[in-house]
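S.K.: From first to last, the protein sequence lines are chains F and G.
Start counting the first sequence at 1; every next residue gets the next number (our numbering).
Start counting the second sequence at 482; every next residue gets the next number (our numbering).
No lab work stands behind these hints, which were simulated from the structure alone.
Keep in mind that this is a model prediction, so the values were computed, not measured.
We put the CB at the ideal spot given by N, CA and C, even for glycine.
Within a straight-line C-alpha distance of at most 30 Å, the following computed DSSO-like cross-link-like pairs (lysine-lysine) qualify:
#  : chain 1 : residue 1 : chain 2 : residue 2
1  : F       : Lys375    : G       : Lys489
2  : G       : Lys696    : G       : Lys647
3  : G       : Lys711    : F       : Lys269
4  : G       : Lys561    : F       : Lys260
5  : G       : Lys691    : G       : Lys655
6  : F       : Lys15     : G       : Lys582
7  : G       : Lys561    : F       : Lys269
8  : G       : Lys800    : F       : Lys15
9  : G       : Lys534    : F       : Lys15
10 : G       : Lys514    : F       : Lys213
11 : G       : Lys808    : F       : Lys15
12 : F       : Lys15     : G       : Lys514
13 : F       : Lys410    : G       : Lys489
14 : F       : Lys410    : G       : Lys534
15 : G       : Lys696    : G       : Lys734
Beta-carbon label-pair distances, calculated as ranges:
#  : chain 1 : residue 1 : chain 2 : residue 2 : range
16 : G       : Gly760    : F       : Lys260    : 30 to 36 Å
17 : F       : Lys192    : G       : Ile531    : 47 to 53 Å
18 : G       : Lys561    : F       : Arg476    : 36 to 42 Å
19 : F       : Lys410    : G       : Gln688    : 54 to 60 Å
20 : G       : Ile531    : F       : Ser239    : 52 to 58 Å
21 : G       : Gly760    : F       : Asp291    : 36 to 42 Å
22 : F       : Glu369    : G       : Val776    : 55 to 61 Å
23 : F       : Gln372    : G       : Ile531    : 35 to 41 Å
24 : F       : Asp101    : G       : Asp731    : 47 to 53 Å
25 : G       : Phe599    : F       : Val176    : 53 to 59 Å
26 : F       : Gly392    : G       : Gly760    : 42 to 48 Å
27 : G       : Ser603    : F       : Ala10     : 55 to 61 Å
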Amino acid sequence: MSYAEELVAALGKEKVLLDPAERFVYGADWSPRTPEEFFPPDVVVLPRTTRDVQRTIKIAFEHEVPVTAGGGLTGMLGGAVPLYGGIYIDTTTMNQVIEIDRKNQTIRVQAGATLQEVNDAILPYDLWLPHQPESKWVSTVGAAIACDNDSTFGVRYGKILNCLLSAQLVTGTGEVLELGHRKAHFTSSGYKLKDLLAGSEGTLGVITEATLKLEPIPAMRRVDMLVFPRLGAAVDYLSRLLKAGLCIEAAHINCKHRLKFYTHTYTQKFGKEPSIPAWAEALLAISFAGDEKVVEAQRDYALGLAKEFEAQLVEEREIVESWWTSKYTLEFEPFKQKWPDSQVKKKFGAADPGVPVGRLEEFYHKFVEVAQKNKLEIIGMNAYLEHPNSIGFSLSCAVYVDYRDADEVKRFRDFHDELSKMAVAFEGTMSTFMSDTYQKAPYLELEHGESLKYMREIKRLFDPKGILNPGKKFGREVKKG
Amino acid sequence: MNELGEFKDELETCFGTSCGFCERGCPVYQAIKIKTLSMKGRNRTMLGLIQGKFEITPAVVEAAFECTLCGNCDRWCSLKNTEHTRAFREYLLKHGVEPMKEHASIVASIKNYGNPWFQPRSARNKWTKGLDIPKAAPGKQDTLFFAGCTSAVMKPLTPSLIASAKLLQKAGIKYSTLGQDEPCCGSTLLRVGQREAYQELEKKNIQKFKSLGIKKIVTACPGCYTTLKKSMEDNKTGIEVVHIAREIADLVKSGKLKVRRSSERMTYHDPCHLGRLGGVFDEPRDIVNAVANLVEMPNNRYEARCCGAGAGLQTAFPKLSRELASKRILEAKATGATTLVTSCPFCETQLRTVPGMRVVNLMELLLDATGDERRKAPSGADAAQFSSLS
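Input sequences plus hints: build the corresponding full structure.
M.R.: Pasting the structure below:
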C-alpha cells in the first residue's frame, strides 16, 4: 500500500484529503514566495485526536515521508509551509477544550484551538490568555508555541512560553511525550525540554495538546499614543516608566514611516492633517490596564513624565483607536481601512531581528539603508516590548514585496538576510517572532556557533529520520545510498 | 456584476495576505473544517483554477456551492468575497459543470411558475383574501408591498404577511400588492450562479414596477429586500426599497401603536440578508424590546451566524444545513430565551426544524402584542383564511 492508502485505512477517508484543489489551499502562508516556489502537500490529514497524529507520523516514519504540521497558516516566513510535499497535518481540526480549571487558572486544550477560541471558552470565568498576536483569530495554540510569535501584551505577560505550563508532543517516531510541569508555574527539576518547543517550528514533533496559565481579565484599559523627537527617547521614556514602578500592559514603538502610515490614513478619512508635529520621529503606543483608579493614577504619572523626554500626546483619538482596533479588537470600520487594503498591490515582508536596547535607533537607520539599497518600498519599523516588565523588544522591519516579481522577492530575501546577520553583529539575534524557517537555515551557525551541532543532535533525538518539517532550521538531509 | 476573472486582483490579494480572519465566523468552515470551504481557501481555489493549477474537481464544485453566501467573511475583510463566490458558481456552470439537480429544479420552477416552489401563480394571492388590499395599477398607490415567493406560497408562513399587511394599515400607509402577478425577485437565481436568467427577470421586473408608477417597495423578505434594493439602485430607477421593520419602526418608537409588553426573554436572530448584507439591525430590536425582554446571542448583528438555509445550501446540502440550524438554536437556548424572533421566511422555516425553541416572526410578534384578534377570525373570508392558517 502507498502511504496515502495507509493513511486512509488508518484514519478513514474523511480525514484524508487527496483532491488537488483541496491540497492546493494548504500550501501557502503570508510569506513572500513566488508562484514557482509554491509546492502543495501530496496529502492533507485532518486529525481529531493525538492518536490520529500518532498514526500519521508512524506511517510517515515507515515510508520516510515529510510531515509538516500547521495551524492558521498566517506565518510571515513560511514556517509551516511544506517545502518537499508529503503530508500536511492541519491541526485546526483538533480544537477541543479538554479542561478549564478555574481555581488554578489553567486550561488544557487541543493544540489546534485558536487563541481566540481559548479566550472565548474562558471568558465566562473572567479569565484570559494574554498571549495575543494580531493573528489571534486564526493563530493556534500549537502554532503560537512552534513559531514563538509576538504578543501585544508582552511587556506585562511575556510571550507564549510565559503562559505554557505543559505540552503534549508526538515525536518524529510517533512517540507521545508530555513536556512540562503540569499546573505548577515553574520548575527547577530536570532539563526544561518544554522550552525547546518555543520556536521549534514542528521540527521536533507535532504539538497536540497544551496546558496554559491564565490571567484575570483587567477591569478596564486606557490606550494612548505619544510622539518623540527620537526613537531612543521613546526607549528612555519606557525605561523611566519601569523604573518608576509602573505596570505597563502594552508598549509599541513605531518609526517615522509607520507614523506617516497612521497620519496619512487620518488625513484620507477626515480630510485634515492631524496635529502631530513635524519633528516627530517616533510614535509610542502604550496601555495600562486594571482597576480604574490604578489605571488612571498610572496613566497620569506616565503622562506627567513624558515632558522630561520632549514627548507630546497624540490628541486625535481616532488615530489611537484605529491603531488599537487593528492591533487588538479588529472592529469593523477601522479594520476595513487598514487590511488587506494596504496589501492590494504588494504584500508585507519583514525581518524580525532583535538588538540590544541601546542600539535601536542605530539599527533603524541601517534598516532604512538596507531597504533602500535593495530598492524596496519601506513600510516601517516597530519595536514591540515582549519581555515582562523589561525594556526588551522584538523588531519588525517591514517592506512591501510583490511576490509575483521574482527579482523583488530575491531583493527582499537579500534585505532580510543582511538585517538578520547585522543583528548578530550588533550583539543581538536574528529572530524575535518569526523563527528561522528555510530563510535563516543556511546561516544559523552565525548566531549559534558551536552550539548548533548540539541542536542538530537534539533534532536527531526527536526526529531520527528527519521527516518533520524538513528544510526548516536545518537543510534537508539527503538519504545516503 | 463581475465575472470571476475580473476578481483576479482581489483573489491575488487574499492569496498574498492570507490572514484567514474570515474563518472564525464562517458557519460552513466551522462545521466541516476543510479549508477550501472557508473564504480564504475558496479564494485560493478560484485563483488556482483560473491559473490552471488544477482542473475542476468534485472538491472545486463543493467549494463553490457549499456556502450560504451569508457574508460573514465580508465582515472581516474589504474584499468582495460573497461576490467572488457568486461569480465562482457562474464560472463553473459556464465551464461545463451541470447545475446541482436541486438547484436546476428551482430555476425551472421560477421560469415556469414565477416562484421557486412549483406552486401555481394563483397560490401567490391567497394570503390577501379578506384583507382588502388594492391591486397595483397606474395612477393608484405608489407604494407596493412585495410579499416574496416563499412567504406567499408556503402556508405556514402566510401569517407573517397578514401581520405585515395589517401593521402597514395601522401605520396609515396606503399601499398595493401585485397579487398573483407578483414576480420572483430573482434572488435565488443569482445565488445559484444563474446570472443570465436573473438579468432577464430583473429587466422585466423593472419594466413592471415602472409601468405601474411604483415609487417605493416595502418587503418583509430580506432576500427580496437586498436583491430589489441593489437592482433598483444599480439601474438608477429611483424606486426606494425598504424592509417592513424599518417602515413601521416609527410606529412603535413613537408609541402610536399600543402594545402589551411581556417579561418573556426573547432573542433576535439577524437574517443575513437583512442584517449583515442589508444593514437593518436596530429596528427589529426596537420592536422585540417593545414587546418583551430582548437578550442577545453572543454572535449578533454583523457577527450573527447564518441559520444554514441560504444560497441553495438547504436544498443541496440538507444535512449540513440542519447542522448549522442546530448550532444557532443551541446558541439561542444558551441565552435563556424561550422564544427566538426573526424576520425572514427562510430563517423561520429552517430554525423551526430544530426542536426545543419557539420561533416567531417579528411582524406576527408585534401584531399579537397589539391585541389584534387575527387568530379568532371574526367573519367571512377572514374566518376561512385565518382558520386554515392557525
